[in-house]
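Trainee: Read off the chains here:
2 protein chains.
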Amino acid sequence: MSMQALLGPRSIAVIGASDNKARIGGVPVDLLKRARFERLYPVNPKNETIQGLKAYPDIESVPEKVDLVIIALSADATLPMLERCHALGIPSALVYASGYAETNEPEGNARQDALMAFARSSGMRIAGPNCMGNANFTDAIFTSFGQSFQPGEPAGHTALLTQSGNMCATVFRMARRAGVTFSHVINTGNEACVDFSDYLDYLAADSATQAAVCYIEELRDGAKFLAVAARFRAAGKMLAVYKVGASEKGAEATRSHTAALAGDSAAYDAAFARAGVVRAGELSGLADLAYLHTLGDKIGGSNCAVLSISGAAGAILADALALGGGDVPTLPPHVQQGLSAQIPGHSMVSNPVDLTGNIVNSNDFLSECIRLASEPDDIDVVLLYLPGNFLTQALDQVEKAAAASSKAFIVIDTFAMADRERLAAHGIGYFDDFDRCARAICAYGAWKKNDEIPMPPGAPSAAWPEIAADRMALSETESKDALVAFGVPVVHDAVVQTADEVRAVASKIGFPLVAKLVSPDVAHKTEHGLIRLGLKNEAETLEAFETIMAKAASMNVRIEGVTLEPNLSGGVEILAGATHDPVFGWMLTVGLGGIWTELMKDACNALLPIDAAGAEAMLRSLKGFKLLDGYRGAPKADVKAAAQAIAALGDAVMAGGERLREVEINPLLVMPEGQGAVAVDALVLLNAKTGTEEKELA
Amino acid sequence: MSMQALLGPRSIAVIGASDNKARIGGVPVDLLKRARFERLYPVNPKNETIQGLKAYPDIESVPEKVDLVIIALSADATLPMLERCHALGIPSALVYASGYAETNEPEGNARQDALMAFARSSGMRIAGPNCMGNANFTDAIFTSFGQSFQPGEPAGHTALLTQSGNMCATVFRMARRAGVTFSHVINTGNEACVDFSDYLDYLAADSATQAAVCYIEELRDGAKFLAVAARFRAAGKMLAVYKVGASEKGAEATRSHTAALAGDSAAYDAAFARAGVVRAGELSGLADLAYLHTLGDKIGGSNCAVLSISGAAGAILADALALGGGDVPTLPPHVQQGLSAQIPGHSMVSNPVDLTGNIVNSNDFLSECIRLASEPDDIDVVLLYLPGNFLTQALDQVEKAAAASSKAFIVIDTFAMADRERLAAHGIGYFDDFDRCARAICAYGAWKKNDEIPMPPGAPSAAWPEIAADRMALSETESKDALVAFGVPVVHDAVVQTADEVRAVASKIGFPLVAKLVSPDVAHKTEHGLIRLGLKNEAETLEAFETIMAKAASMNVRIEGVTLEPNLSGGVEILAGATHDPVFGWMLTVGLGGIWTELMKDACNALLPIDAAGAEAMLRSLKGFKLLDGYRGAPKADVKAAAQAIAALGDAVMAGGERLREVEINPLLVMPEGQGAVAVDALVLLNAKTGTEEKELA
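Going down the list, the protein sequences come from chains A and B.
Per full-length UniProt numbering, the first sequence starts with residue 1, numbered consecutively.
Per full-length UniProt numbering, the second sequence starts with residue 1, numbered consecutively.
Here chain A stands alone, though its shape is the one from the complex (with noise of 0.2 Å):
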């Protein structure tokens, strides 16, 4: 509701509103003047009229109740005039000025938190501070200081959200540029009160809104915006993302920028994932994954038949598209005779096809080569290189077999002579990049193809143990037992200093066994005959212990008992660890082997909770899976107990809650089919209780 007041006010106070049109606040004034907003109050003490509007000396005097007040005052001025419109009943603000926590400085934070504190309290709508105010194409309501958006431009489908004002006037523009018009342009400033998923929340909803662009730095509350994600997916609208920061500089950069709690790059590409969010690579792709989207609902995947008067262009875009992620499947040989018949000459068209300059010469020939290209079941897109004149030729034929068709049609045209707007009239699509063309058609592809990763039911599968206060890590056992409770397969082992002790531990542990003197004494167990190797029985494992000890004994070392543990051959190792990100939560990790995660990166992550399908799908896409299946003859990994293990792992964490710091297993050992995956070693850490986890942990 109060969203609603913010940004589709049907009245607004301007306070510090200036007869300057050139002015902050004087722009809003002439923006809302313009779109013929009626119900807008400049309030201004020094002035009788402002912009030929009659000026109110105070927001007191103003004869409405507003849904909205623009502050447009120093930041020193701000929170007492936001008071006293809160006293007046006034449901929301919006506030220009800067000198809030985007300073670093003290003062900055002190205001910022005393805004925060507030908003909180008084539960008003306060956008900003720090921020360039909006535009609402769809009621044509302009609250913002810039002059990128202007009242008279047409309203659309796409809303557009940024965390910094130039981004914001620089993807609205390349946009606008390729026709893309909009419901909603924000700039979120530092979100101190109202957050970015606060706005997309009311975007979701928005029925204008079919679309969102967002520029991102950092987010704040990772749950809520995977919340208001899945709410754009299940409406079928697109939310698609730059998000800066991938580098270590970038990420410094932003880091400073904003203030903002630093999340990991790894996170938040784990839950852009998750949350089914599309990505672009480069801030340019924002435009052009806004205008793919007005193209309608016929881009159904990446897979595209290239069709070219260049063979030249072809090869360019089926690198492209192959590199980005997108295919350019081979056609079926019935529709290879067919353009073969079409084309003169021994041309390419097994796809990309080869048209050669002939398309000049014939009227019909272009379009039933489309049709035959266009016609497999797994082409998603039509993909027509057609520079500058030919496409002028050809337009006819181009239009005629769109509209004949149920795929998307793209042209590309380098020369960038193309009739835009005829296109757009037609469905048809038009870029004069290959490669900004291919990199939007896969991302767009992939975030159609894209079937959500199923979460798991919530409800933890058992608890953890008591742990006491002080403790930062449990030891290995302690973490296996937690574990196990989870349903981990553990590599059981235990200490044993007698032979009862040995009868009773051994058949738990199950045969063969290893038997390996504890000692801090001995370095060299192998040379001096205190390991034993492949005890088969109790009775084996017996005379194993005996001789041990009697050895020990014999050296005078010190001796803490024996450790017996099962005795595994065979298996590949892997590794599954969860930390804790401060924006996203528990993301989960999973690699091959020490060497493999920590020289190659070949390692895989994804948010919890996970299920076994999610955890095994994670260990599908390591470049090393090859080594869980069957690699040089090797027998196959039981990938399935793995991923139940890691499925488990992350259930653990799960309930585990806020006490826990990160947890480990290194290595999982994942036996050959059907004889199962055990955590070798585990480990968890642990945060420093305070009073109020006393809750977390059972």
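Simulated from the structure, these hints should not be mistaken for laboratory data.
Glycine is no exception: its CB is placed at the ideal position from the N, C-alpha and C atoms.
Some hints could be false.
[As the list claims (entries may be wrong)] Covered stretches of chain A (chain B as the covering partner; in silico rule of three or more C-beta atoms under 8 Å from a C-beta of chain B):
1. 18 to 30
2. 163 to 171
3. 304 to 312
4. 317 to 326
[Stated by the list, open to error] Just a few of them, taken from the derived set where beta-carbon distance is under 10 Å, the chain B residues facing chain A:
5. Gly-108
6. Ala-110
7. Ser-310
8. Asp-435
9. Leu-627
10. Gly-630
Position chain B relative to chain A; hints supplied.
Mentor: Relative to chain A, chain B alone:
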């Protein structure tokens, strides 16, 4: 000399000239007339005049022996006409006709073969066939039937060479939009007689040409290209290439399109790296690189000081530069202090520098900030984000700062409102896109910083042994013996059958030794005591030999002898192999172990020859290099010895010539520092020996 006649003719006849300015035979007459080219002779038996010029009924009637004939005839009529031109002593020709090898048909292939045979026998320089012709802007000579290159365009210092007419026009337009001017634009067509490197060779010596940007599908003669690239490099001229075919589909499309030899994409990468060619990852990158090169010598690398009125833009640029291999070096403390004193508030000053919107308020603020940030020695480029009106307001200060600095200046205005010509006049670069700008700076800067890999002297250090004509491979022992001659350290092993042989062989191999029974009948040698490790001297070796032989005799199995080999422990396994690329010749591949290279693609390629320094650089470029560098407390491996062994392998391969098909050492065991590296296994595959190759192997 005859390339001069082709590219800079003083007189031209157009055979098949047309009175219609839009037809293939009419365009060059029109263009040359408009360019006031005087010694122009249209040839057409049907017309008295062509476009107002006297027409000649045949080439024999043309009153002078022209430098160049443009043949605008059908494919069938072309060769007879070339013969007549040659009879008149005309040195060069340009053939527009298609219908040659590009058709992939026997008839077309035969035509091209005949054309090539004629060119060889006559010595005539024949460009094309299936080419669009060229434009020489330096001398205003237009031999193209395309309309993209018009008289009156300003001449410049960039040459554009493409293997596709359409890409030629596309890149030309993109680069002209950026203000790039050209010396030559060359469309090479089928390159039947004059190939890509022939044109480059001319341009390397052309005083008007300072850079060449190239669209390449396939090269035929790798060695020729490498030689001419070296000439470009020696002259300080930039050679930039966009090579299509990086993906399988793209490569397939290219092969079908050009019917050229299929070189391996990895071989192109290795060749371009060796030759110091600047790679453009996208077609638009060619235009951007040409543009950067026109900024002159100021760009010394890709380390940027980023100054931005928007923190967001600074972060975006830092990301894009870091991901492209450039850098945004942290500014020294005194520079940061100086910047902090200039910029109000606690803005980011470490680099990227957030100027804030304050630049609109102060006159000298910006030039002082630029001066400070540009000073450090490790800054190559001053990169300014100043969109729209910010740039308009700041332009005087930017110009002042640029004039006072030795560093390159590049401005980004994403609003695309910049006065490009005014910036160009001050030598200041300009882009309207973050990512294109960053990609271009990274590629160009890397080229400027690149030191060529030194080539070792060409003379081989040894010779290969006689190899029987019917051999298709060498045995492991033969392979090792061959490589040893070139200095590759190998694990010597030998099969011995008598105690005397043990004595003779053991000291040659060195201790400790391993002894193993050689028998086709025993599978589990260890379990039968038929392998003995760690034999420290002759006596132990003799004893082991006798024991193994006796044991084998008692088992009643076939005995072929006992293998003696060194008992190696520790060390890291790498592989080094050479394969022969049809275009670029011998390519060396170096990687870590089998799995690393096979699954992780962690391998590095380079063209041969290579010296030890080059081989070491390859090893150091591997992601897994840390395994050789004392990973997790292991001793550092003898990288120098490994590099020497690899260089020796390269030496052997180069000396082996065409008889060799593939040579691989796998594994090359790299021992701890000071202990060398040895080839444990080696494999030499051979090509069938033909009569003409008799000379290849001594």
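Trainee: None of the hints should be skipped; say for each whether it holds.
Mentor: Going through the hints against the structure:
1. Counting residues of the stretch 18 to 30 of chain A whose beta carbon lies closer than 8 Å to any beta carbon of chain B gives 0, which falls short of the minimum of three for the stated coverage.
2. Coverage of the stretch 163 to 171 of chain A by chain B holds. Counting CB-CB distances below 8 Å, 7 residues qualify, and the rule asks for three or more.
3. Closer than 8 Å: that is the beta-carbon criterion, and the stretch 304 to 312 of chain A has 4 residues meeting it against chain B, so the requirement of 3 holds.
4. Requiring three or more residues with a Cβ within less than 8 Å of a Cβ of chain B, the coverage given for the stretch 317 to 326 of chain A holds, as 6 such residues are present.
5. Interface restraint check: Gly-108 (chain B) against chain A, minimum CB-CB distance 8 Å, threshold 10 Å, status holds.
6. For Ala-110 (chain B), the interface hint is violated, since its Cβ never comes within 10 Å of a Cβ in chain A; the closest pair sits about 14 Å apart.
7. Checking Ser-310 (chain B) against chain A: minimum C-beta separation of about 4 Å stays under 10 Å; hint holds.
8. A cut of 10 Å between beta carbons decides the hint on Asp-435 (chain B): the least distance to chain A is about 4 Å, and the hint holds.
9. This hint holds: Leu-627 (chain B) has a C-beta 7 Å from the nearest C-beta of chain A, less than the 10 Å allowed.
10. The interface hint given for Gly-630 (chain B) is violated, since its Cβ lies 13 Å from the closest Cβ of chain A, which is over the 10 Å cut-off.
In this structure, the earlier hints numbered 1, 6 and 10 are contradicted, and the remaining ones agree with it.
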